[in-house]
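Visitor: Each chain, letter by letter, is given below.
2 protein chains.
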Amino acid sequence: MAKSDDDRRPKYQRIADSLREAIEAGEYGPGDRLPGENDLMDTYGVARMTARQALSVLRDEGLADARKGAGVFVRDFRPVRRRGIDRLAHDRWGNGQSIWSADVGDRVLEVDSITVAEETPTERVGAVLGLTGDDAVCVRRRRFVLDGKPVLLARSYLPVSLVAGSAVTEEDTGPGGTYARLAELGHEPVHFREEVRSRMPSKDEAAQLEMAPGTPVILICRTAFTAERSAVEVNEMTLDAASYVLEYDFDSGPTASAPSPQERPRG
Amino acid sequence: MAKSDDDRRPKYQRIADSLREAIEAGEYGPGDRLPGENDLMDTYGVARMTARQALSVLRDEGLADARKGAGVFVRDFRPVRRRGIDRLAHDRWGNGQSIWSADVGDRVLEVDSITVAEETPTERVGAVLGLTGDDAVCVRRRRFVLDGKPVLLARSYLPVSLVAGSAVTEEDTGPGGTYARLAELGHEPVHFREEVRSRMPSKDEAAQLEMAPGTPVILICRTAFTAERSAVEVNEMTLDAASYVLEYDFDSGPTASAPSPQERPRG
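So the protein sequences, as listed, match chains V and C.
Position one of the first sequence corresponds to residue 1 (full-length UniProt numbering), numbered consecutively onward.
Position one of the second sequence corresponds to residue 1 (full-length UniProt numbering), numbered consecutively onward.
Hints are supplied without guarantee of correctness; some may be wrong.
Copies of the same chain look alike in the list, so a pair counts if it works inside one copy or between any two.
What the hints assert, rightly or not - Restricting the straight-line Cα-Cα distance to at most 20 angstroms, the calculated cross-link-like pairs of lysine to aspartate or glutamate (DMTMM-like) are:
(1) Lys-203 with Glu-24
(2) Lys-203 with Glu-61
(3) Lys-203 with Asp-65
(4) Lys-203 with Glu-236
(5) Lys-11 with Glu-61
(6) Lys-203 with Asp-60
(7) Lys-11 with Glu-205
(8) Lys-149 with Glu-21
(9) Lys-11 with Asp-204
(10) Lys-68 with Glu-210
(11) Lys-203 with Glu-21
No lab work stands behind these hints: they were computed from the structure.
Chain V on its own, in the form it takes in the complex (with noise of 0.2 angstroms):
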């Protein structure tokens, strides 16, 4: 930025700059104490108000959090790293190991919740899954939680007249999981789509993934499909983004000739 736009800002958000700056620089490594409010005041002569505003900026940005009594601390960012394409790998999930169980390298990603229920799509996922008027869905609701800390909400949507009787009705799914016992069923999921969009939690997702202030959720929303292009499933997932990066790696020749699904696979 223009250094002649500083002199215009709030000193607050001067204050709040340097101490942004120092954080990005590594002055201050994540779990490292800030300067606190009488340090703020002496340091820039400022009252205790403009002391305070300047750390509630850090803290509304996610980069800090208040520990209550103990001060402002740098956030912590150690985050999970999901693997969107070798994740699915078909020599992974193929021969017996959960999908779920790459994302986390020596890091354990465990449910704690589930529920499975036949339900009525919405129109949108619906539409994905090339239903009609009466279709139901099986949706299987998760809650994945990393060190004890909720992570990620899924629900995962297929069409009841695929899965119906199989094992992806039941809480446990057995060994592959869904994706598993669809390609037994005739119905291998061998090309995805990954729609990633990011956006303030609402209440509910923040209380359920029990996020700090100040912290936006990332959606994806992937589509498997058949080699026959069918979509086979819709899973919906919100996650904390304080918690996780997403890796995507690929080549440009091989990918970049596959065929790629792009319109409404059906309907």
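Fit chain C to the supplied structure of chain V, relying on the hints for placement.
Guide: Frame of chain V, contents of chain C only:
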């Protein structure tokens, strides 16, 4: 959420919840005016402050925008669809089309500011590019606007040792852009890694992207690799999350069997 929680929530949150549900159900569409303070006071029998708080919850969540004197409106989410994989297809950028033009379909994403400089890289960028102490990088900083609104900041880093004297160091890199020039120089990028995060913007980012309150940024760090697994470009992108949907399409088979340089490529 369990109904039993509802009674314990403050009134303004319950009103915000109702409005949010109505938005999600499509009762109020993008650009529609929400009930005003007076309407909410009448409907729910609450004080003006409570009505105001309810509306501000939706604004803080990025669901609605206030327009002075006109009311509060459902935010119009008409994002750019950025295809992470198709976009970089060899037959696209290999034939003289800049990768960015594929981002927007029939909408025009334009560069409204560009600077090119030779700099010492940060430690992180230097490490990814396999550079040592004195090696400089060519830094291309660009801001992209869509329909007159800034939506993307990009900082691209390339080793000076690779690109010195080429059009990569000029504002206009010529047909096909940076990647076409790299290919001509014998450093054709064939493998890409994109790392995606989200957080609230800094004040500077919010100013540069002219962002509405309650909107996060999406960060994409893209690394381009040659067939020899050398990293030849790091591109740090900052996107207004209200303007973007990222899309990644991939197959479970071929992509998985391709070599994936998860480790640091050099040095």
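Visitor: All hints are to be evaluated individually against the structure, with a verdict given for each.
Guide: Status of each hint after checking the structure:
1. Lys-203 with Glu-24: between (29 angstroms within a copy, 14 angstroms between copies)
2. Lys-203 with Glu-61: both (18 angstroms within a copy, 9 angstroms between copies)
3. Lys-203 with Asp-65: both (19 angstroms within a copy, 18 angstroms between copies)
4. Lys-203 with Glu-236: within (18 angstroms within a copy, 31 angstroms between copies)
5. Lys-11 with Glu-61: Intra 17 angstroms, inter 27 angstroms, cutoff 20 angstroms: intra-copy only.
6. Lys-203 with Asp-60: For Lys-203 and Asp-60, the Cα distance is within 20 angstroms both inside one copy (16 angstroms) and across copies (11 angstroms).
7. Lys-11 with Glu-205: Between. Shortest inter-copy distance 18 angstroms satisfies the 20 angstroms Cα cut-off; intra-copy 34 angstroms does not.
8. Lys-149 with Glu-21: Answer is neither: 29 angstroms inside a copy and 27 angstroms across each miss the 20 angstroms cutoff.
9. Lys-11 with Asp-204: between (35 angstroms within a copy, 15 angstroms between copies)
10. Lys-68 with Glu-210: This pair counts as within: shortest intra-copy Cα distance 17 angstroms, inter-copy 34 angstroms.
11. Lys-203 with Glu-21: between (31 angstroms within a copy, 12 angstroms between copies)
Of the hints listed earlier, the one the structure fails to meet is number 8.
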